[in-house]
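Protein chains in written order, with this note's numbering: chain X, 1 to 344; chain P, 1 to 344.
In case anyone wonders, no lab produced these hints; they're calculated from the structure. Treat the hints loosely; a few may be bogus.
One copy or any two copies: either way a pair holds, since identical chains are not told apart in the list.
The calculated lysine to aspartate or glutamate pairs, modelled on EDC-like cross-linking and capped at a C-alpha distance of 16 angstroms, are [claimed, not checked]: (1) Lys248 <-> Asp263; (2) Lys233 <-> Asp101; (3) Lys236 <-> Glu64; (4) Lys171 <-> Glu33; (5) Lys276 <-> Asp157; (6) Lys323 <-> Asp157; (7) Lys248 <-> Asp85; (8) Lys340 <-> Glu226; (9) Lys245 <-> Glu179; (10) Lys198 <-> Asp253; (11) Lys233 <-> Glu202; (12) Lys276 <-> Glu155; (13) Lys233 <-> Glu64; (14) Lys237 <-> Glu211; (15) Lys198 <-> Glu100; (16) Lys146 <-> Glu176.
Protein chains: 2
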Amino acid sequence: MAGRISGNEVVIDNPSEAIRNYNKGYFGRMVGETLHLHLIEASFLVEIGRVEVERDGKTVTLNELMDMGIKVHPNFEISYLVFRDLRQRGYVVRIPQDGEDGFDLYPRGGAPHSHSPTYLVKAISERSPFLILRISDWVNSIGKRKLMLGIADEEGDLTYYSVKFFRMRGKMKEEESYEGNITVMGDRSMVWDEELSKKLQENFIGRTFEENVVQLSLMETAYLVEKGATAMKGNKKLSLKSFIKYAKKIQPDIERRLYAYKDLRSSGLIPKTGFKFGSHFRVYREHIGEGHAPYLVHVIPENYKSTWTEISRAVRLANSVRKQMIFAIAGSGIDYIRIKRMTP
Amino acid sequence: MAGRISGNEVVIDNPSEAIRNYNKGYFGRMVGETLHLHLIEASFLVEIGRVEVERDGKTVTLNELMDMGIKVHPNFEISYLVFRDLRQRGYVVRIPQDGEDGFDLYPRGGAPHSHSPTYLVKAISERSPFLILRISDWVNSIGKRKLMLGIADEEGDLTYYSVKFFRMRGKMKEEESYEGNITVMGDRSMVWDEELSKKLQENFIGRTFEENVVQLSLMETAYLVEKGATAMKGNKKLSLKSFIKYAKKIQPDIERRLYAYKDLRSSGLIPKTGFKFGSHFRVYREHIGEGHAPYLVHVIPENYKSTWTEISRAVRLANSVRKQMIFAIAGSGIDYIRIKRMTP
């Protein structure tokens with residue numbers, strides 16, 4: 001079978017060959033009796049030996065075809081790796097007609113004429129920055145499809161992630177108010193007040209220092225002051241505002257974290273520090289005594305920028321301790337986005 | 001037993017009480033027949049109920065003693081948590097006489113008059129920045145002791161790390177030179193040359209794309225060009241210099257990573273991308289076929305700054321996949337530092 005280069009596409013003119021290639025795997029798009037193949041599709045068909053491509057009567061090699069693709073399409077080499085891998089796994093993968101960046105992936109055994117695509121797949125280089133704003137824009141804009149990311153590392157190995165908005169719910173009833181003194185000590189606080197200590201222990205706030213003495217993080221202190229407790233620094237009582245001002249010098253992002261903490265608490269969840277897992281919170285759904293915290297929550301601003309290497313590390317670590325990795329995007333509201341490793 | 005506040009210390013004047021407190025756990029230092037306790041030591045002895053402290057005839061509470069400590073000593077609250085934890089684990093822990101920041105930790109059952117301290121322990125808040133320069137200065141300056149870091153998270157929970165210079169050795173013989181064409185394609189390269197492909201596969205460089213075709217990272221490409229291979233971009237041959245210039249736009253730290261890659265290769269090791277583990281390299285000691293890569297190597301500049309949260313994540317992930325986490329500090333030379341979680 002032979003195709004020919006036409007502009008930035010490969011075209012198969014022979015009607016029976018065109019139809020056969022379209023029907024066997026749904027490559028390209030039929031225009032009348034001619035099949036138009038994107039350079040990614042053409043490269044794949046050349047690689048597996050199903051199509052030969054000619055220009056001016058001479059065979060075009062895979063090398064030349066890919067070189068052409070790289071000149072014409074941004075991100076061609078990464079897109080090709082992802083397209084190829086998904087096709088090799090037996091999926092129908094198509095380039096969206098509306099020119100949207102990415103691939104439509106159909107359910108196993110599904111075809112374009114009978115099924116809707118389940119995923120929109122974005123092909124991403126490990127080296128491109130991780131911008132949370134771009135990710136959430138994608139999740140927002142893909143309609144009924146789900147978002148899958150295929151990340152190619154520098155050796156061309158692929159890791160897939162599914163990304164979606166996520167809502168967590170817990171069973172813990174939130175206390176309306178707290179009373180008693182909290183002693184601010186450097187970058188944390190202590191509760192020497194026996195009654196308050198007990199109430200905090202019942203609510204899984206802070207950490208037992210010794211019997212009836214509880215140690216608090218600055219953020220927990222702020223949460224409690226907002227709910228009526230009194231923060232003392234030496235003999236001085238600090239208002240919420242002056243406490244936050246003090247705490248911000250030590251922990252500049254305290255307000256953002258507090259915002260997420262309050263939101264999680266109000267959903268019946270129990271957030272505790274996730275430091276050992278490299279995240280802001282590990283989150284329990286009910287009594288901590290029952291053991292497992294199913295979520296790691298990392299609180300980030302809307303303009304958060306990181307590297308895929310960092311994200312890969314975070315998600316992989318969450319995985320290895322049987323937790324889900326959730327990013328809490330704190331802006332005017334809070335959105336939770338789950339990033340999860342998957343095998344297509 | 002009673003001590004009294006004297007300046008920024010607690011002093012026990014009664015000779016028999018002084019000697020008993022010194023001998024039972026080696027707290028403080030004897031000056032004549034008087035025991036001088038650091039506020040950290042005094043707080044601990046008050047907390048466990050062994051000493052009572054007075055000022056002007058009135059008892060000083062633990063709360064007040066710690067408040068005093070915070071005013072006088074930077075990092076007091078963190079230091080206290082670490083000191084307390086190590087003491088509770090049954091170790092003799094002492095404040096170095098030379099005023100060095102940190103604690104001397106003696107081997108289990110060891111005492112200052114008969115043993116040398118095995119570790120210098122630094123108490124660090126999760127919130128303080130991770131500066132590699134500071135860490136390597138510490139390792140360089142502590143003499144025969146080893147370095148242990150006690151990191152307190154915001155809830156006061158402690159994680160310990162041992163830190164040391166580290167040398168890796170492998171069994172792979174490095175090839176002196178390579179010949180053949182490499183086709184540069186966007187942010188990676190392809191080797192369509194059959195002979196070169198085979199040689200690369202034997203040396204575990206690149207990744208098999210299909211039979212006799214190998215895919216290379218930009219850094220591997222640079223390594224091979226330096227060793228004689230030819231980089232082609234379209235029909236243009238790129239010199240090493242112009243290739244690096246091109247690659248730097250895509251991967252700004254390529255020279256630093258290449259530097260570490262060459263150093264590892266010259267030590268008989270096989271570095272491959274560590275992207276899936278959130279690090280620059282996973283490193284094998286011999287044939288990849290044999291399986292396990294025992295090291296993750298992350299290449300950083302001398303002025304590298306990060307957060308303890310990130311480091312905690314990296315070390316924990318390495319741990320969970322049975323690898324050691326090594327930081328390669330690339331400056332005028334290369335130093336490798338291993339950070340490993342430990343239980344004292």
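Notebook entry, point to check: For the identical chains here, do Lys233 and Glu64 meet the 16 angstroms Cα criterion within one copy, between copies, both, or neither?
Noted result: For Lys233 and Glu64, the Cα distance is within 16 angstroms only across copies (11 angstroms; inside one copy 71 angstroms).
Margin query: If the cut is 16 angstroms between Cα atoms, do Lys198 and Glu100 qualify within a copy, between copies, both or neither?
Written below: neither (57 angstroms within a copy, 39 angstroms between copies)
Check: Between the shortest in-copy and the shortest cross-copy C-alpha distance, which are at most 16 angstroms for Lys248 and Asp85: within, between, both, or neither?
Finding: Classified as neither; 48 angstroms inside a copy, 28 angstroms across copies.
Next item on the list: Classify it for me, Lys237 with Glu211: is the Cα-Cα distance of at most 16 angstroms met within a copy, between copies, both or neither?
Entry: Neither: 25 angstroms inside a copy, 74 angstroms across copies.
Check: When no copy is named, should Lys276 and Asp157 be tagged within, between, both, or neither for a Cα gap of at most 16 angstroms?
Finding: Cα proximity of Lys276 and Asp157: across copies only (9 angstroms, versus 29 angstroms in one copy).
Notebook entry, point to check: Should Lys245 paired with Glu179 be assigned to within, between, both, or neither, using CA atoms and 16 angstroms as the limit?
Noted result: neither (22 angstroms within a copy, 64 angstroms between copies)
Item checked: Alpha-carbon proximity context of Lys233 and Asp101, limit 16 angstroms -> neither (55 angstroms within a copy, 26 angstroms between copies)
Notebook entry, point to check: Is it within a copy, between copies, both, or neither that the alpha carbon of Lys276 lies no farther than 16 angstroms from that of Glu155?
Noted result: Answer is between: at 11 angstroms across copies they meet the 16 angstroms cutoff, but 30 angstroms inside does not.
Check: For the identical chains here, do Lys233 and Glu202 meet the 16 angstroms Cα criterion within one copy, between copies, both, or neither?
Finding: neither (25 angstroms within a copy, 66 angstroms between copies)
Note to self: Treating 16 angstroms as the Cα threshold, decide for Lys340 and Glu226: within, between, both or neither.
What the structure shows: neither (35 angstroms within a copy, 39 angstroms between copies)
Next item on the list: State whether the alpha carbon distance between Lys198 and Asp253 is at most 16 angstroms within one copy, between copies, both, or neither.
Entry: neither (29 angstroms within a copy, 53 angstroms between copies)
Note to self: Checking an output row: Lys171 and Glu33, CA cutoff 16 angstroms. Within, between, both or neither?
What the structure shows: neither (61 angstroms within a copy, 60 angstroms between copies)
The structure shown violates the earlier hints numbered 1, 2, 4, 6, 7, 8, 9, 10, 11, 14, 15, 16.
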